[in-house]
Every structure is written in structure tokens, then in C-alpha cells.
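J.: Given next are the chains, with one letter for each unit.
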Amino acid sequence: MTDTTADLIHGNASAVPAGVAIGALNNGFALASAKDFRNDIEVLNYALALEYLEAEFYRQGNKADLVKGKEKQYLMQIGADEASHVATLTATIQKLGGTPIGAPAVDFGGAFENRKSYLTTAHVFENKGVGAYLGAAGFVKDKMILQAAAGIFGVEARHAAVVGNLLGLKAEGGVYQGSFEKGIAKADVLTAVAPFLVDPNKVVAAITY
Amino acid sequence: MGIKAIFGGRPVLEFADENSRRSFLRNAALVGVGVTYVATRVGDPLAFGTADRGYGANDANASDLDILNYALTLEYLEAAFYTAGLKANLLKGRELELVDPIQQHEADHVKAVRTTITDLGGKAVAQPKVKFPAGTFSNRANFLKLAGTFEELGVKAYHGQVTLVKSPEILGAAASIAGVESRHAAIIAQITGGNPFPAPIEANLPMGPVLKAAMPFLAK
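Protein sequence lines correspond, in order, to chains W and A. Residues in the first sequence are numbered from 534 upward in steps of one, following the working numbering. Residues in the second sequence are numbered from 3 upward in steps of one, following the working numbering.
Since the hints were made in silico from the structure, they are not lab data. For glycine and all other residues, C-beta sits at the position ideal for the given N, C-alpha and C. It is possible that some hints are incorrect.
[What the hints assert, rightly or not] If you want a taste of the chain W side facing chain A, the calculated C-beta under 10 Å gives, among others:
1) K568
2) D569
3) Y607
4) A616
5) L699
6) S712
7) L730
8) P733
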């Protein structure tokens, strides 16, 4: 894939004629700054940090016995998906010769007080996850990694929609976030998840060396 | 309930049932860097002639404009489908609230993809004539069943082009649409008693099989 990887380096828009702005699709794909990620391993470790957080969130939430029946089944499945993402990203980083970051120490505060607080926090995590993948995707150079990251991104969007629906949120702006997903810059994602990290600096250091 | 320890001996993974565990194990090994993982086969025959539709002869040779026109065709199909389905007045209450915005999303996707093609100096394919099986819009179940088929097909179609799109901007645009299709697919599955989360990572399909699946709905 050596001849194709360069095509996807962020900012290399050689296939798009100069001066062409894809105005109809202002989705924030190119919003992150060049210094956010230096290579694929940094992007993968960023994703891994978020997946660790999500996997642990659902593990604790599902143990708290706040949901039942079909709803519980959905949340168990979502938790298993997040754990699968952790395993996939870890294996991928190792295969690339990188060092996967460790699981961060987390504290979800009052998220597991009741069903509503659990689902509401889950909804925030899922939508931040969707935006984080989209915001970082432009930095991924290896197309096979991009395929996997896109595949995970889509599943996070599924989670976000279903959790939004379990909460009975309005369809547009709750279950769906418009006709186009929007990327979220790394700094904003990290700010959003910082309250759940016992030591946010440790995580930031781990994903940016 | 089985508990598997995967991270340094910490039990963080609990499976709802044996199926979830198997699905996890299958997908955990999905991504192999340096492994011969071929997303699309070069030379996949398309379901129909390409010359009059403007697609490349196969996925690997498809230009970004070819891929955009391929996406446009699928979005046209979806938009027409929901327009007809909503007109038939088959849904009410929460279901209607959930399906109604999908029609608008698909119409917005058509518009955005068309504009992108034009901005790039390309020629957008014309809106195809569509046909749906008899009875599709005669009841709620038939409508939503085909909706689920279209959404899952759309998701796989977008993910099948991820490694082939050359421009990062177009890739980002396609991804921002694909994520919305994933939301649709999950919601349609949820309201029809299907599985909103068929896999931990979205599946993908190359153009050939997608077009073969879409062809019965495209009128000559």
C-alpha cells in the first residue's frame, strides 16, 4: 500500500482542484490542526483511550443493574462492541510496532445513579465518539487502518442513535444529529472526557508522547 | 454470563450471551496490519454495463467522481423510497417521528453529493427511475423491512469505498454521510425488532454486489 498511503495524508488534496471548496459538506473533517497527530499510532492511541473509557463505562453501568429486558440486551451488546474496539485497536497498534496506552483510571461520578443518568451519559459518550473518529480520520495514512476506523465510527453512530431513542429524545437533534455527522477536534474531545478521567494529563501525555 | 479477561487480567468484558462472545471473537481479529486483507477484489464484475451509468469498470479503477456518482445513485434510490413510503401514510406516533427525518437526510445527501460532483467539474448522473415490489407501500411492515435492507446496503456500500477514495475531503464528506446511514440502519432495526448492532465494525461491500442488490429497484 506504499503508493496509496500518501494520498491520504491530511491536507494532501491533490485529487481536488485547487480553489474548490466542498461547501455543501462542511463536516469538520479537516478541522484538526496538523500538530494533533504525527502518525497513525498516535491516532490509534487516541481512539484507544476513548474506547477504554467507553468499555469501562458500560462495564460499570451494566453491573449497576439500572436497565432491564431489551434495553439491557442493547447495552450489553454496546459494551461488548466497545470492548471489541479496545481489543482491535490494541492489536493493531502492536502490529504497527507501537505501544498501546494503558487503560486510564476513570471515575464516572453520578452517572450510575439511575437509568436516566446512565443513558444520558452514554448518549454523550457515543456522540463524542462519533465526532472524535470523524475529526481524526483525516490524519490516518494507512488505508486498511482507515477502513477499520471508519467501521468503528459507523458502529458508534449506531450506538448513539439507539441510546438516544431509548431515552425518548426527539428524533432530529436527539436520535439523529442532522443530515451529516460532524467531526470534533481532539482538544474538544479531550476536554469533554476529562471529567471522567482521574488524571487527564496522564492520558493526554500517553496519546501525544 | 461468561466473563473474559482481556486487558492485563482485568475483567472488563462481559458478554450477554454466547452469540455476543462468538461475534466478539470473530471481529477482534478483523483488522490485520500487514495481513492480506483485501477490501475489494479487482475485477469484480458489475451487475450491469457500466458505460451508460458512468461507473468505473471495477472498484479499484473507479475515480472519486465514479464513486460519488455511485453514491448519488444509491442516495437517489433511498430518497425516492422514503418519499413514496411517507406519502403512503403507514406510520404514526414515535415511528413516524423517527422515519420522517430520514427522508430529509437522504434528500440532503442527494443534494450534497450532486453539488460535490459539480464542484469537482464532473457530471452528476441523472435521477434514476425507480420501482419497488408490489405491496412495498401497502403496510408498515413491508415498508420498514425494505427500509432496513436499503439502510444496511447503503452502510456497506459507503464502507466498501473507504480505501478507494483518493481525496481526503471527499472521504470526509462520504464518512459524514455514512455515519448518518448507520444511525438510520440502527433505528430501523430497533423499531422492527431486528439487530441494530450486527457487528462491532461495519461490514463493507464492493460496488458489484451492491449494484446487483440495488438493480431490481432501478427501472430500465
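J.: Take the hints in turn and mark each one as holding or not.
T.: Tested hints:
no. : hint : verdict
1   : K568 : violated, 17 Å
2   : D569 : violated, 14 Å
3   : Y607 : holds, 7 Å
4   : A616 : holds, 4 Å
5   : L699 : holds, 9 Å
6   : S712 : holds, 4 Å
7   : L730 : violated, 16 Å
8   : P733 : violated, 20 Å
The structure shown violates the earlier hints numbered 1, 2, 7 and 8.
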